[in-house]
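**Student:** Based on these hints, arrange chain B on the given structure of chain A.
Number of protein chains: 2
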Amino acid sequence: MIKTYDVKSAQETILKRNYNHLLEYPENLIKSTEKLFGIGVSPDKAVDIILRSVRENGDRAIAEWTKLLDGINITDIRISAELIENAYRSLSPSLLDVFKLSASRIKLFHEQQPLPNWETTTLGGILGQRTTPIERVGVYVPGGTAPLPSSLLMSVIPAQVAGVNQIIICTPPNPDKSILAAAAICNIKDVFLAGGAQAVAAMAYGTKTIPKVDKIVGAGNLYVTLAKQKVYGTVGIEGLAGPTETMVIADKTANPAWVASDLLAQAEHDYLASAILLTPDADIARTVAAEIDNQLAKLSRSEMIETSLQNRGGIVLTPDLRSAAMLADDYGPEHLCLSVEKPEEVAGWINNAGGIFFGENSYEVLGDYMAGPSHIMPTGGTARFSSPLNVLDFVKISSVISLDPETSLELSPPAAKFAQTESLTGHAAAANYRIKQ
Amino acid sequence: MIKTYDVKSAQETILKRNYNHLLEYPENLIKSTEKLFGIGVSPDKAVDIILRSVRENGDRAIAEWTKLLDGINITDIRISAELIENAYRSLSPSLLDVFKLSASRIKLFHEQQPLPNWETTTLGGILGQRTTPIERVGVYVPGGTAPLPSSLLMSVIPAQVAGVNQIIICTPPNPDKSILAAAAICNIKDVFLAGGAQAVAAMAYGTKTIPKVDKIVGAGNLYVTLAKQKVYGTVGIEGLAGPTETMVIADKTANPAWVASDLLAQAEHDYLASAILLTPDADIARTVAAEIDNQLAKLSRSEMIETSLQNRGGIVLTPDLRSAAMLADDYGPEHLCLSVEKPEEVAGWINNAGGIFFGENSYEVLGDYMAGPSHIMPTGGTARFSSPLNVLDFVKISSVISLDPETSLELSPPAAKFAQTESLTGHAAAANYRIKQ
Numbered sequence: 246m247i248k249t250y251d252v253k254s255a256q257e258t259i260l261k262r263n264y265n266h267l268l269e270y271p272e273n274l275i276k277s278t279e280k281l282f283g284i285g286v287s288p289d290k291a292v293d294i295i296l297r298s299v300r301e302n303g304d305r306a307i308a309e310w311t312k313l314l315d316g317i318n319i320t321d322i323r324i325s326a327e328l329i330e331n332a333y334r335s336l337s338p339s340l341l342d343v344f345k346l347s348a349s350r351i352k353l354f355h356e357q358q359p360l361p362n363w364e365t366t367t368l369g370g371i372l373g374q375r376t377t378p379i380e381r382v383g384v385y386v387p388g389g390t391a392p393l394p395s396s397l398l399m400s401v402i403p404a405q406v407a408g409v410n411q412i413i414i415c416t417p418p419n420p421d422k423s424i425l426a427a428a429a430i431c432n433i434k435d436v437f438l439a440g441g442a443q444a445v446a447a448m449a450y451g452t453k454t455i456p457k458v459d460k461i462v463g464a465g466n467l468y469v470t471l472a473k474q475k476v477y478g479t480v481g482i483e484g485l486a487g488p489t490e491t492m493v494i495a496d497k498t499a500n501p502a503w504v505a506s507d508l509l510a511q512a513e514h515d516y517l518a519s520a521i522l523l524t525p526d527a528d529i530a531r532t533v534a535a536e537i538d539n540q541l542a543k544l545s546r547s548e549m550i551e552t553s554l555q556n557r558g559g560i561v562l563t564p565d566l567r568s569a570a571m572l573a574d575d576y577g578p579e580h581l582c583l584s585v586e587k588p589e590e591v592a593g594w595i596n597n598a599g600g601i602f603f604g605e606n607s608y609e610v611l612g613d614y615m616a617g618p619s620h621i622m623p624t625g626g627t628a629r630f631s632s633p634l635n636v637l638d639f640v641k642i643s644s645v646i647s648l649d650p651e652t653s654l655e656l657s658p659p660a661a662k663f664a665q666t667e668s669l670t671g672h673a674a675a676a677n678y679r680i681k682q
Numbered sequence: 246m247i248k249t250y251d252v253k254s255a256q257e258t259i260l261k262r263n264y265n266h267l268l269e270y271p272e273n274l275i276k277s278t279e280k281l282f283g284i285g286v287s288p289d290k291a292v293d294i295i296l297r298s299v300r301e302n303g304d305r306a307i308a309e310w311t312k313l314l315d316g317i318n319i320t321d322i323r324i325s326a327e328l329i330e331n332a333y334r335s336l337s338p339s340l341l342d343v344f345k346l347s348a349s350r351i352k353l354f355h356e357q358q359p360l361p362n363w364e365t366t367t368l369g370g371i372l373g374q375r376t377t378p379i380e381r382v383g384v385y386v387p388g389g390t391a392p393l394p395s396s397l398l399m400s401v402i403p404a405q406v407a408g409v410n411q412i413i414i415c416t417p418p419n420p421d422k423s424i425l426a427a428a429a430i431c432n433i434k435d436v437f438l439a440g441g442a443q444a445v446a447a448m449a450y451g452t453k454t455i456p457k458v459d460k461i462v463g464a465g466n467l468y469v470t471l472a473k474q475k476v477y478g479t480v481g482i483e484g485l486a487g488p489t490e491t492m493v494i495a496d497k498t499a500n501p502a503w504v505a506s507d508l509l510a511q512a513e514h515d516y517l518a519s520a521i522l523l524t525p526d527a528d529i530a531r532t533v534a535a536e537i538d539n540q541l542a543k544l545s546r547s548e549m550i551e552t553s554l555q556n557r558g559g560i561v562l563t564p565d566l567r568s569a570a571m572l573a574d575d576y577g578p579e580h581l582c583l584s585v586e587k588p589e590e591v592a593g594w595i596n597n598a599g600g601i602f603f604g605e606n607s608y609e610v611l612g613d614y615m616a617g618p619s620h621i622m623p624t625g626g627t628a629r630f631s632s633p634l635n636v637l638d639f640v641k642i643s644s645v646i647s648l649d650p651e652t653s654l655e656l657s658p659p660a661a662k663f664a665q666t667e668s669l670t671g672h673a674a675a676a677n678y679r680i681k682q
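Chains A and B, in that order, give the protein sequences. For this note's numbering, count along the first sequence from 1 and bump the result up by 245. For this note's numbering, count along the second sequence from 1 and bump the result up by 245.
So that you can see chain A by itself, here it is in the shape it has in the complex (with noise of 0.2 Å):
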């Protein structure tokens, strides 16, 4: 069922990148939203009015958009320390154990990045820069179909390696227990019960309840994404997170079964995923297509799989290798998968991806819960100017400029008619008076 294209036409469709998602609404958004919020109210309007009552009357906007979007009455907005106690102990042994083996790796992944922290004697005194932890970090964990406790390990690990201070998360109403259970492995206390954009607007503004914080990661709905793009200035994101994608670039020394296996795997995330195969080998082409037909209907969530990789998979067959790189390049996939037989050579071609799998070993899959580095990646293209969320994401750099006497009084005439040519003459007198001296 997944269709086979040529390099044109797959560049003029799956892989053609819509750079203005958040322009053009989806036509189930538009209407869902002008029944609750009234005929010509667009999503970007609406997000604006929860901001701003959210901003207006805290808590109480908490409940009311609650009840509204959610169609549930909340009483407490905080979730309670045995609410999330309970949900732990009721974890079986076995899989509290895969959380802990993910948790750990994750860990040590992160606890391995360098921090820029550095100084110089080279120019005069000491210049440098010296890194600290943001302090407070709000997390957003969406609900919906499929809860994913691992996301909130993913994320908020790495900044517990980073150091921050105060972590809290919001996620929507009747949280899964496994979301509360990963919260209790990471020690978290702080975890409230909002979702959608009043969840963002709780954490950057603040509440009575939910602190405000100075930076929010996480990905969610489209209402989501709209509220953390308005929000951003007032506090940080990490990014604005789109639909999900994998590309794998195959070639014949490539397991047919084991990459339709990745790429059905990746299209059950949801109807707009997108799983895309580069191939310079027909044959492979071929019985990757007739495995997928095999595999998919043993699979419990084969509709989903069906529209996702209808409407954004596909298979490219490439001139070479080569070629299959440089598509993957300009398209700056989230996950790149390199199930060739030299995948050094071709991560070589590569430079926008989020993360790059280096041969079948390294499955997407082993990466989304057990590898170590953080399964949320830059989306849409974003890779070709944004990072996996890592410890960077959670510190902020401070300029150090401690001249020397020396230096100071040299680099003064030069700063003054600097200041001169730019009409600003104030600045221009402060560097005088240091050279009069």
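Copies of the same chain are indistinguishable here, so a pair counts whether it falls within one copy or spans any two.
The calculated DSS-like cross-link candidates involving lysine-lysine, where the alpha carbons are at most 25 Å apart (straight line), are:
#1 K681 to K662
#2 K312 to K280
#3 K248 to K497
#4 K280 to K290
#5 K276 to K290
#6 K312 to K453
#7 K497 to K681
#8 K543 to K681
#9 K261 to K457
#10 K253 to K457
#11 K662 to K422
#12 K543 to K248
#13 K453 to K253
#14 K261 to K453
#15 K662 to K352
#16 K434 to K457
#17 K453 to K434
Everything labelled a hint here was simulated from the structure, so no lab data went into it.
**Tutor:** Just chain B now, kept in the frame of chain A:
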């Protein structure tokens, strides 16, 4: 004329952060927007209109907005090589030397910044992070009353050190020669005549003349800031700049004339600039206030300075140095100048500041032009979560996942179990295919 505050009254006025600056527009901006776009059109909506028209009509829209908003007919959007060359030649040799000294120190400073390239073999196989430069960067250089060639150097050079392949500049029509000369010093060939939101739109979406970039950096007016926020996601941005701010902490060892000159230099930037002195020493407070009155009369931008000092500046008397540091840390100033006997001690109490200037030899004007670190620093309290412009702004990370076969096999059963918990049966199947092998 500068006012003196106690801590409490300062916290209610000049030290109070308005984190919602993008939701509330100044009255004069609302009026000028309505005059151009029609009654009821907010700056936010006006920027939407500009973005959409440039996205749809490219160069033609640039020319039309430039005519409407800047009142200028442009024939060529691209500045010719001759014009850049002539601007460079028109500079005096001594000013050229100043520009080149500044450029060389910016380059030397940023060349020493370590990049987060690393690998570990402790987690089974090879895991790590690979850093690559962003391919195309657009730098916005504002026009206006005081041309800032220094800002061009401070943004272009870190990008060049990072290895960015293509750097373009957009600046409003009739740029000062000093800006074009600075472009020539950086060997930038692509300078385009476009200002405001239309320039941001052109760099985000691309036009026939102006190439689409991957990231836009540089400050501008509120239209520019709003446009950057809206195109974020389509391209990267380095932050949303607000008015510039300096905080000075002084003890009894400070030179009152120097402190006064530093505050005056800061206040001359624009009507919204903020210059605040924190000191536990009443004598210093008095003498600095007197020095400000003395020095102000001699300065050409005295009207601007008086307005900004009165509205957004002041002297705050604190119980001791430590509490001055705590106030500064909570405020998170763009620039923090430590005119104290032991700057290292005070700096140890600070987590949130864009640039920390140690002692009176490292006065802020040197940081503006000559010291080396980029003078583009986080404003409006965003130092709580963001950093001065630096080499990291022009690179991105790819996570590298190259597990060995044994580790891959070992991690597959827990990955399958984790996936089952998340109801992602396709993920579990992909893991199980590896286990069966």
